[in-house]
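Participant: Residue numbers (our numbering), protein chains in the order written: chain A, 507 to 848; chain B, 507 to 848; chain C, 507 to 848; chain D, 507 to 848.
Note that these hints are calculated values from the structure, not bench results.
Among the clues, some could well be false.
No distinction is drawn between identical chains; accordingly, a pair holds when it is met within one copy or between any pair of copies.
Stated by the list, open to error - 20 Å max Cα-Cα, derived EDC-like pairs, lysine to aspartate or glutamate:
no.: 1; residue 1: LYS659; residue 2: ASP519
no.: 2; residue 1: LYS568; residue 2: ASP620
no.: 3; residue 1: LYS836; residue 2: GLU602
no.: 4; residue 1: LYS723; residue 2: ASP752
no.: 5; residue 1: LYS703; residue 2: GLU677
Number of protein chains: 4
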Amino acid sequence: MIVVMERNADAKDVKEVLDRIEEMGYETHSIEGISKTIIGIIGNIDREELINSLGAYPNIEKIVPIQEPYKLANRSFKNEPTVIKLGEDVTIGGKEITIMAGPCAVENEKQIIDTARAIKKAGAKILRGGAFKPRTSPYSFQGLQEKGLKLLKMAAEDSGLKIITEVMSSEHVELIGKYTDIFQIGARNMQNFYLLKKVGNAGKPVMLKRGLTATYKEFIMAAEYIMSEGNYNVILCERGIRTFEDYTRNTLDLISIPVLKKLTHLPVVIDPSHGTGRRDLVAPAATGAVAMGADGLIVEVHPHPVKALSDGQQSLHFAEFREMLRNLTKVARAVDRKIISY
Amino acid sequence: MIVVMERNADAKDVKEVLDRIEEMGYETHSIEGISKTIIGIIGNIDREELINSLGAYPNIEKIVPIQEPYKLANRSFKNEPTVIKLGEDVTIGGKEITIMAGPCAVENEKQIIDTARAIKKAGAKILRGGAFKPRTSPYSFQGLQEKGLKLLKMAAEDSGLKIITEVMSSEHVELIGKYTDIFQIGARNMQNFYLLKKVGNAGKPVMLKRGLTATYKEFIMAAEYIMSEGNYNVILCERGIRTFEDYTRNTLDLISIPVLKKLTHLPVVIDPSHGTGRRDLVAPAATGAVAMGADGLIVEVHPHPVKALSDGQQSLHFAEFREMLRNLTKVARAVDRKIISY
Amino acid sequence: MIVVMERNADAKDVKEVLDRIEEMGYETHSIEGISKTIIGIIGNIDREELINSLGAYPNIEKIVPIQEPYKLANRSFKNEPTVIKLGEDVTIGGKEITIMAGPCAVENEKQIIDTARAIKKAGAKILRGGAFKPRTSPYSFQGLQEKGLKLLKMAAEDSGLKIITEVMSSEHVELIGKYTDIFQIGARNMQNFYLLKKVGNAGKPVMLKRGLTATYKEFIMAAEYIMSEGNYNVILCERGIRTFEDYTRNTLDLISIPVLKKLTHLPVVIDPSHGTGRRDLVAPAATGAVAMGADGLIVEVHPHPVKALSDGQQSLHFAEFREMLRNLTKVARAVDRKIISY
Amino acid sequence: MIVVMERNADAKDVKEVLDRIEEMGYETHSIEGISKTIIGIIGNIDREELINSLGAYPNIEKIVPIQEPYKLANRSFKNEPTVIKLGEDVTIGGKEITIMAGPCAVENEKQIIDTARAIKKAGAKILRGGAFKPRTSPYSFQGLQEKGLKLLKMAAEDSGLKIITEVMSSEHVELIGKYTDIFQIGARNMQNFYLLKKVGNAGKPVMLKRGLTATYKEFIMAAEYIMSEGNYNVILCERGIRTFEDYTRNTLDLISIPVLKKLTHLPVVIDPSHGTGRRDLVAPAATGAVAMGADGLIVEVHPHPVKALSDGQQSLHFAEFREMLRNLTKVARAVDRKIISY
């Protein structure tokens, strides 16, 4: 960590800071520049402790962290990419790009069974579908809850798919864990630290969605929360950030793929449906994601988008989904990855 | 609600949409413009249901909501400003601007007792202090938890102050409710809907902090979640939004004060400490807030900021806090409000 | 255009607005909803005139434009994509994806000649290089100016390349027009309206870079300025927008490609160098751009990035550039486009 | 400046960088930490030269500048605040807060004469009014140009006011300089470097508006461009930044006032009209600005906002303006400043 002293700090001010750092047990090196003094701090540093202590000195201009705050997610902790295995033939993070698809919300038996069969037939491996739904309005449909989980399970078994579904509250981790293969943490809960810890102990893979306004560092730190409880099977999911542009629902940050794969060893999945919010942009977004190295896609598909109880405007019809996968297969091959489509 | 059809939608496309809307039970009016047709929808509309249904029609360009999605928080529901009473002499939302102050985290008995006495002596009415702390890193100090709540209670009783403290998880609502006078919901949990519902049932006032990237509408909708459970004593707290500027920790959005007070009847509190993240900017920010109509301030104060376990860089010394209040008293008077300082 | 009246507007308020609109020569239709009245305005509307006039009525809540404000750039004005021809074998907007490359700034004869030969050999068609440089600091290298233009011309002729170079001021349009094949308007000048009009009259294609914080609509309106002077050969260039994320120099908005190509008929070029600001991200960004339908790429290449006078951190070595093009050729083929590489 | 080497950089990599820095004439100090090496660079550093040279080394993780890039605008260059004098009794930057007001655009003789008289009578000292208008659409009213300047001059002389008006192109500096007392550079031209240099040589004060997405540093660097040409009479004007919030036209960043006044010695003016875009928010924004230390306000006033050719929705009526000034007088007094109102 580096401490930059204010221009008008004198020798006494510098000494006071040096003393405080040494009192905390670190080694220091100071460099006197032409107008300002900087102090380098050496040791296995507790970042927040240091920032809190030093931040309050009036003559410190800024504190520059040098080491990344995340440890377990860091490439320097584990260099080979993490490959998550679900049963015999489903992996996330390997050469094959994993396709997850399904409706925004589980609505009824026919809807979820039909969708599961259609996506399986097109090439998907994992069924998505919300049973507990985070809704901006308290007056909107909040999901079928446990009944939805049961339908999801039935549809997945019928088609031979794995399940991913969202958990919104630490109180539901146990219940949802009975049905799902992967826990999904939504963007709004990315920093719901109690929930992160709870799924960190639940013994199943977790897909963590990036908060609307989370930096890469904050996103990785949220994964670190889960990993620090002993669960290393974390999948990072980019689903659009909030910017000034309002033509799309969010701005899908595709460059996050190579960045996150450089900084961490975790698999990266893209959600082109929430990332764009418009059906006509789902396929272009998915194509870019595959070309740029995504390890998976999670896509909203619905038998009749115009009758969907949620997210109809960004859900693909079965035929659109199937055609998209076929085109993606060619792009995956061009970048030496693999997508199965029929 | 208004539906704008795409330029190339023909009469058949328009009819299909009109039929769907009428099937849902609403009255329609369509207007044929030079290049596009628009449809007005009349009735007590379920926004999300309509948006979901119509959003998926390929020939609809956009859907423009006309009514605000919030009902209970709306000025049109209740025109007089909400005044929250805590015991006999503490109110939030009246002529007097309510001062809340205290350390970021409760650290030990002496720290919290000293701080409570100092802020009381300066003019504050409510003691803040975190017992459960949301921390970006799992490796940082997470708060004293129940022990912290007990210390907070002891300090508040000793000084004759009310308490505000953060609840981070629905599992802690009951416990924290035993100690606090006001629940605080942090910015990261603004859309933790289960938590919102839980505090909506807890029978005590709730101060809801605006999420880093929440629009006014989303912020008010989160308050609506709490109110829809029957708890109307909600306080809105602006604490800085995230922008491209990185000189300050956040960008404090002071214009939110007149906006939120126009759109809702709820009291608005400003947090100049998190809003700026820099001790030298706390007083200017608080001054602006008072001038612009804030109903309260929540300020970080610590006996020794350089030794604080968290947020030292934005905490005021006792003397700074006292001087700030004295200056604010004059500004409050200039805008026909009242701040008590000694 | 639609006018939404405030909830508390009465019949007299509505009539006043209706009268004003009719006085301006438009036809009106009003719809009385349950809580608010909306007014539809029909005719070939002068948006800004209407917004200015009506915006000041105190009982109007909001004004919702229905027609796009751009005409000449609109797909509804011209449906086939614009293909720009430069001499016999260089086109922008056709099946072949056009590669533009070169140093940030022209520094000396050897640098530009070597670069031109290297990029030509790799497959590029157009040489980029700044002679007039927009620099954040007045104390930085500002470019070789006319001498730079001459070197650029010499290098382009030596290698058989076309030229693109930036014009920063309306005073230089004539001079730069003597040397360049395409004018580049930088992001900082996207709304320098005098400059836009000037290049709109200069008789050569113009590549317009998106401002750091320009919405799609504002970006297209800036193109409309150029086109409204009679120059229809405009290329749109996305080069990153400003967000809260600071790991990359900017956030490259790749979804802009399908959006801009849907809304307009103009070719879209991506700048992965400025868009990311990091050499290791240039190839992934370019790969995504090609997969998502970009009509061209503009890439910074330098013989010795570590000795570059500007943008060294985002410039590719010759070998990196060549390898990138080879890989892009495969991706282009997978999406039925063409990139020439050797 | 500090250079942070990548974790995997070895002694040879570090040496290569050290050699390059020393070759450029600077002194170095390196500190080996537990996982990374950092290098301190000492001397009067040419930031951009260094960043460009070093940025391209593959083993450098990041470069952290220590000195501010601006010199002449810096408080460390000149500590006393700059006070700009216009004739005998108008100053900007002194104890009195300077009020500038007038219509968005000069429309005709009666409009500008009436407005000048009304604002003078209320307490304003400087008349604003656009003769050359930057408009997002090429089809909108572009201003009366020289005729507008003449009317502005006539109105100012009639009422005894000074003039501020916008210059949009370097080609107009001479013409506008014949009429105006202060040049205004609009937000869209904040980084139009040729224009900045031109007004830097024009011998009259310049008010520079902050770009919609300019950081404080970039804003100050733009002022530095003007100052580096010898013109030290620069006024900084905050007029709202672009964020995700769309209820207001922009997000007015009031905390910029204490920040800019700490970092520079230049006067800071707030534009509450563009900063909010809504008439009902102009007075609250102005009140906050005065309380927080603004040296001036620039406000849109129009005899009949509902008939204005531009910005009617954010223009005050004469009576509203007068009442606002009266209220501001009390707030100014509370923070030991002065506003004249009648």
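Participant: With reference to the structure, classify each hint as holding or not holding.
Facilitator: We went through each hint and held it up to the structure:
no. : hint             : verdict
1   : LYS659 to ASP519 : neither (64 Å within a copy, 38 Å between copies)
2   : LYS568 to ASP620 : neither (58 Å within a copy, 29 Å between copies)
3   : LYS836 to GLU602 : both (13 Å within a copy, 18 Å between copies)
4   : LYS723 to ASP752 : between (25 Å within a copy, 10 Å between copies)
5   : LYS703 to GLU677 : both (12 Å within a copy, 13 Å between copies)
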